[in-house]
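S.K.: Place chain H on chain F using the hints.
Each chain, written out:
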Amino acid sequence: MNPVTLNKYQLIIMADDKQVVLERILQVTRYRGFLINGMNAEVNTGNNIATITMSVSSERPITLLIDQINKLIDIKSVKVDNSVAQIKQHSA
Amino acid sequence: MTKSKTLTGGALLFEVLQEHGVQHVFGYPGGAIMPIYDALYDSDVQHYLCRHEQGAAFSAVGYARAAGTVGVCLATSGPGATNLITGLADALADSIPVVAITGQVPTAAMGSDAFQEIDIFGLSLACTKHSFQVTDINELEKVLHQAFEIALEGRHGPVLVDIPKDIQLAEVTQRLNKLSHLKNKVKLPLADISKALDLLTHAKQPILYVGGGVGMANAVDEVRDFAEKTGMPSVSTLKGLGAINPDNENYLGMLGMHGTKTANIAVQECDLLVVVGARFDDRVTGKLDEFAPNAKVIHFDIDTAEINKRRAADAAILGDLKGNLPLLTMPLYISAWQQRLQQMNTDFAWRYDHPGDNIFAPAVLKTVSDLMPSNTCITTDVGQHQMWAAQHMNFDDPSNFLTSGGMGTMGFGLPAAIGAQISRPHDTVIAVSGDGSIMMNVQELATIKRYQIPVKVVLIDNAKLGMVRQWQDLFFDGRLSETDLSDNPDFVMLATAFDIKAKLITKKSEVKAAVEEMLDHDGPYLLQVKIDSAENVWPLVPPNTANDKMMESV
Chain F
0 MNPVTLNKYQ LIIMADDKQV VLERILQVTR YRGFLINGMN AEVNTGNNIA TITMSVSSER
60 PITLLIDQIN KLIDIKSVKV DNSVAQIKQH SA
Chain H
0 MTKSKTLTGG ALLFEVLQEH GVQHVFGYPG GAIMPIYDAL YDSDVQHYLC RHEQGAAFSA
60 VGYARAAGTV GVCLATSGPG ATNLITGLAD ALADSIPVVA ITGQVPTAAM GSDAFQEIDI
120 FGLSLACTKH SFQVTDINEL EKVLHQAFEI ALEGRHGPVL VDIPKDIQLA EVTQRLNKLS
180 HLKNKVKLPL ADISKALDLL THAKQPILYV GGGVGMANAV DEVRDFAEKT GMPSVSTLKG
240 LGAINPDNEN YLGMLGMHGT KTANIAVQEC DLLVVVGARF DDRVTGKLDE FAPNAKVIHF
300 DIDTAEINKR RAADAAILGD LKGNLPLLTM PLYISAWQQR LQQMNTDFAW RYDHPGDNIF
360 APAVLKTVSD LMPSNTCITT DVGQHQMWAA QHMNFDDPSN FLTSGGMGTM GFGLPAAIGA
420 QISRPHDTVI AVSGDGSIMM NVQELATIKR YQIPVKVVLI DNAKLGMVRQ WQDLFFDGRL
480 SETDLSDNPD FVMLATAFDI KAKLITKKSE VKAAVEEMLD HDGPYLLQVK IDSAENVWPL
540 VPPNTANDKM MESV
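Residue numbers (numbering that gives the first Met the number 0), protein chains in the order written: chain F, 0 to 91; chain H, 0 to 553.
Some hints could be false.
What the hints assert, rightly or not - Pairs of lysine-lysine, PhoX-like flavour, derived with a Cα cap of 25 Å: (1) F:Lys7 <-> H:Lys308; (2) H:Lys529 <-> H:Lys511; (3) H:Lys286 <-> H:Lys321; (4) H:Lys141 <-> F:Lys70; (5) F:Lys7 <-> F:Lys70; (6) H:Lys502 <-> F:Lys70; (7) H:Lys321 <-> H:Lys228; (8) H:Lys194 <-> H:Lys365; (9) F:Lys78 <-> F:Lys17; (10) F:Lys7 <-> F:Lys75; (11) H:Lys448 <-> F:Lys78; (12) F:Lys75 <-> H:Lys141; (13) H:Lys228 <-> H:Lys194; (14) F:Lys75 <-> H:Lys308; (15) H:Lys308 <-> F:Lys70; (16) H:Lys286 <-> H:Lys308; (17) H:Lys194 <-> H:Lys4; (18) H:Lys502 <-> H:Lys448; (19) H:Lys365 <-> H:Lys529; (20) H:Lys203 <-> H:Lys228; (21) H:Lys141 <-> H:Lys365; (22) H:Lys502 <-> H:Lys529; (23) H:Lys260 <-> H:Lys286; (24) H:Lys141 <-> F:Lys17.
Keep in mind the hints are simulated off the structure, nothing from the lab.
The structure presented is a predicted model; accordingly, all values stated were derived computationally and were not measured.
If we strip away everything but chain H, and leave its shape as in the complex, we get:
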C-alpha cells in the first residue's frame, strides 16, 4: 500500500478499527483515555456510552456473539480498566473475540503509583488470550492489527491493548498495511480420521455431543448434516444449544447438571461419544470417572490443549470442524438405539400442567419461545432462570442463545442484550433475567433509555437468589444464608424511571397476553414475572455424582 498519513495515536486507533470493519464500540471515558475520546469525536465509529465499564465489556461480548464478529470496548486506566476484567474473564471462558482498549497513565508516570494507575497489563494475564502494552507509537498500528488477528485466530478469545496517554497523543505516520501476520501457530491436524471411521462403523449406541465450538467454527450446517445423515442421537452443552435443529427427532436436549433425563441416560449408556467443539466441562460430566463409562471417544477440537485434558480421546481430530466433520458423515444403522431414545424422549417429555394459579417459570419461557419471531436472540443472566431458559426455550442457531457458560457471570444478560440488539437491529432481542442478576448491571437500563434500544426483559422474580437458595435447601440442611431478596425495588417503577414500559404479572392466566403485549411493543419493555420462591430447577445431578443419578424432585 502506498497511502500514508500522519495521525495521533488516538486517531490511528479508530482508523485501524474501521479497517477491521468495526462500526460500533462500547465504553466509558476518563482521564487517561481522553485523547482517544477526543479522536472519537471526529471518527465515524459509533460509540455507545455504557454506565459502567463492566456493562461495556458485556455489551462487546453480546455484540460479538450475536453477530459472529469482534466486539470492542474502551475504558480508562485504573478503576475503568479493572471494571473490564470480569467481562474479559467471561470472554476468555467462553472463547469470545473481544478487543479491549484501555488508557494508561503517561509512560513517564508508569510505575510511580500515579493517580488512577494500575498494572492492567499484569492483571490481564489470567483473563485474556493475549495482551499488549504499547510504549512506542511506532508499534501501535502493528499491535492493533495483531489484537484483531489473535482474537479471531484458532480458538477465539479476548485481547487487551493498554495505551499510555502520551502514546495516544503522539503523532505517527500510518502505513495502512492491513495485517502483519503472526507466525503460524496452528498445528498440523492429528489425522486420526481412519481410527475414527473404524470406531464409528462399529458403534451400536453412538451419541453426538455438541458444544459451543460448533457455532464458533461456523459449522452449524456441517453438524446438522452429520446428525441428519448419520441419524446419530445428539445432546448439547449449554453453549451448544441451537447448533442442532430442535425438531430433529433424534435430538435429546441438554446434558449435564440440569440436562434432560433422556440426554443424561443416553450418554451414560452410549458406546461412542462423538464430541464436537466441547470440552467435558465439570457441569457437563458430573463425576468425571463415571461419565459415559462404556464409551470410546472421538474428539474434534480446534484447541490442542482440550484433547485429553479431562477425558482421553480414542481418536483426536484437531483443526477446522467445518472441513473435518464431513469426512465422517455417512449413514449408520442404529435404528434400535434411535427408537429406544425416541421413546424415552416421549416418556420423559417436559410437563407444563403445573397445578394452581401461580406462574410456573418453565411454562412462561416455553410461551415466550413459542411466540417469539424466528431468529430472536435470547440472552440470560445466571441462576435458575438461566437453566429454565436452556431447558424450555428453542433456539435456531447458537448465536441466538447468549449465556455466560464458563464463567457463570451474573449481570451478563442485560448488557449482552444491548450489544446483541445493536449488532442485529432488525431482530428481536430478549434478556431473560432474575431478580438477583438484573441488579448486578441494572445501571444499563440508562443505556437502553439513552439510545432507545428495543430490548425486551423477561424478569423471573422469586425474590430470592434462587439457585443458591435451592442448593441451601438441598445440600445445606435448609440453612438459608443471605439469599432472601424480598426487599427488592419495585421493578416496574424502576423501569418506568428509565422510560421503559413495564408490567407485572402474578397469575398464570396473565402470561400469554402479557408476552404478546411485550413482543408487540416497538420499544424496550420489562415484563416482571412473579413466581413461587420455592420452585426448583429439575432434574438436578448433585455435585460429584454420576449423571444418571439425577434428582427429579425433593
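One chain only, chain F, in its complex shape:
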C-alpha cells in the first residue's frame, strides 16, 4: 500500500451559540474525510459567539472542509491558524 500523506491543520471557527452547532461541525468534519486530533470550544456569554479551535488531519485539501463548514447556517467564519506549523504525517 502506498503511504498516505496526512496534512495537519488548526482551524479557528466562530459560530453563533446555537443548538447542536458542535455536532454539526463534527459531523461535517468526519463525513468530509478529516480526522479530529483535538478541539476546544468556548462561548462568550456577552455576545453568544462560540470560538472553536480544532486540529484536524487529512490527505484532502483543507479548503474542502473550510467551504463545507462555512455552509453551515450558524457559522460566522472559518480560518486556518497559520501560526501553527502544518505537519505532514505519513501512514501506511
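M.R.: Structure of chain H alone, referenced to chain F:
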C-alpha cells in the same frame, strides 16, 4: 406590523405557512403531532393524507420541483419522523426546498426514551440543510420563518423543524413579522469574468455542460440564450434535462454513464468546458482523472463548496447564474466544431427499429414523449426505465422532468407525481416507473384513489430489478443474485383495486393506441408495459472508466 393575536403553537404553524403562500401540505398524523392536526382542522391549508411518511416527503419534493416553490410535509415523532429521512436525504442531494415539520414528545419527556421518541434533530444533521428543535414557544414563529428562508436561500435544500407536543399546545402572541432576516451568508462573487472571457474567445472546441442548478436558478432563458448566441454545443446532466431546448441543433443530449455517444466524445475532445449549475458528479465524469482531459474549465455555481471540489476551475464565477451568464454571452466562431458534432449527432442517432414483436422500452417512451401534451411533467423512479426516460424523452423545462438524481431513490416516482399533479392541476403528469420501484411506495395508489388525482403511470415491467441484473450480467459473471421479480403481483388487478383504470400491453403493435388511450383518460391510469427481461441500457460507461470507452452492446 401592528396586528397580533394569541394562538396555540399548532395554529401559529398554519398561520406562518399561509404567510409563505403554502396552500397544500402532505403528511400523516400520530400521537405527538395531534395538536398540529387539531389546528389543521380549522386551517385553510389543504392537507393530503399520504399512506406512508416517505410518500409525504416525496410528494413534497415533487410539489416543490414541479412548481418551483417550497414543499411542506408533516409527520409525528419516532417512526413517523424517521420515515421522512429518505425523502429529506433525496431533497438534500438534489437541492430541493422542503420544510418538514415533525411532532416530538413533550419537552419534559424528551431524553427519557419515551414512547415514539427518537432524536430526529440529531438524525437530521446529515440529511438536511439545516434543522431546528423548538423548546420555547416564543421562538416558534421566528424559527418557522427562518426555515422557509433557509430552504430557499442560496443553494436550496430541506429544513426540518421538530416541535414538541407541549410547544404545539402552548399559547403565544403572533407578531406577524414576516421574516427575521438571516445574516448574509452569500459571499461576494469571485469576479473571474475577464479570465473567463479570455478562455472563451480562445476556445476552438468549447462545450456547455448544463446541470440542475440552471432550473434552480430560474436561469433557463439565460442558458438557452447563451447556447443560441454562442452556438456552443451543449450537453446535459440528468437533472439538467429540459434546460436546453431539445431542438437546438447543437444540443448533444445527456452525458455520463448512460449518456449519448456524441455527448461523451465531445466532452472528452473539448478544449473548454463551460459548467453551469453542475458539480462533476461521478455518474457524469466516469474516471475523473480522464474526464475532459484537455479542457479548461469555467465554472458557474451558487455554492462556493462546489468550486474546485472535484475538478479545478480555471475561472470560477460564483453567484447568481441568471445575472452572471449574460456577461459571457457573445457570438463564437466555431463552425468546424459545430459541424463535426452535428454530423456525429446524425451518425449516432437513437434507433427504434427493434426486431421482433416484443415491446422495446425506448420506443415506448419515445412514443409517450411524442404524444404527450406540451408542459407535461414526467417523474421517474430509479433504474433502467429512468435512464431510458432520460435518453428517449424530450422535456421543455427542467421542472418537467423530476427524477431522483443525487440519491437515486427507488420509490420516488409515484409520490413525486402526486405532488407534481397537485401543484399543477391543469398539466398532464406521468410517472414512469419500473416493476421494482413501483412496489417501494405502492401504497400511494391509495392517495391517488382518495383524491382522484389524475396521475398516469407507465410501468415498464421486465419482472426484474433490471439495472442490478444488467450489472450482474456485465460485471459479476452473470451471477443473478436476488434480482428476479417474476412473482410480482398482477399490476392491472392491483391498480383496479384502487379504482385506477389499468391496461397491460405485451406487443409493440399495441403501444401507440394504448398510450393514446392513457393520455385521453380523464382520471388516473396505469399502463403496464411488458418488456423483454434481457434488455439492457446502452450505451454504458463501465465504472471507473473514461467516458469515451463506453460499451454499446455485449
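S.K.: State for each hint whether it applies.
M.R.: So, going through the hints one by one against the coordinates:
| no. | hint | verdict |
| --- | --- | --- |
| 1 | F:Lys7 <-> H:Lys308 | holds (19 Å) |
| 2 | H:Lys529 <-> H:Lys511 | holds (14 Å) |
| 3 | H:Lys286 <-> H:Lys321 | violated (31 Å) |
| 4 | H:Lys141 <-> F:Lys70 | holds (21 Å) |
| 5 | F:Lys7 <-> F:Lys70 | holds (22 Å) |
| 6 | H:Lys502 <-> F:Lys70 | violated (49 Å) |
| 7 | H:Lys321 <-> H:Lys228 | holds (16 Å) |
| 8 | H:Lys194 <-> H:Lys365 | violated (42 Å) |
| 9 | F:Lys78 <-> F:Lys17 | holds (20 Å) |
| 10 | F:Lys7 <-> F:Lys75 | holds (23 Å) |
| 11 | H:Lys448 <-> F:Lys78 | violated (55 Å) |
| 12 | F:Lys75 <-> H:Lys141 | holds (20 Å) |
| 13 | H:Lys228 <-> H:Lys194 | holds (20 Å) |
| 14 | F:Lys75 <-> H:Lys308 | holds (22 Å) |
| 15 | H:Lys308 <-> F:Lys70 | holds (14 Å) |
| 16 | H:Lys286 <-> H:Lys308 | holds (15 Å) |
| 17 | H:Lys194 <-> H:Lys4 | violated (56 Å) |
| 18 | H:Lys502 <-> H:Lys448 | holds (17 Å) |
| 19 | H:Lys365 <-> H:Lys529 | holds (16 Å) |
| 20 | H:Lys203 <-> H:Lys228 | holds (16 Å) |
| 21 | H:Lys141 <-> H:Lys365 | violated (49 Å) |
| 22 | H:Lys502 <-> H:Lys529 | holds (11 Å) |
| 23 | H:Lys260 <-> H:Lys286 | holds (16 Å) |
| 24 | H:Lys141 <-> F:Lys17 | holds (14 Å) |
Figure legend: structure checked against the earlier numbered hints; hints not met, in rising order: 3, 6, 8, 11, 17, 21.
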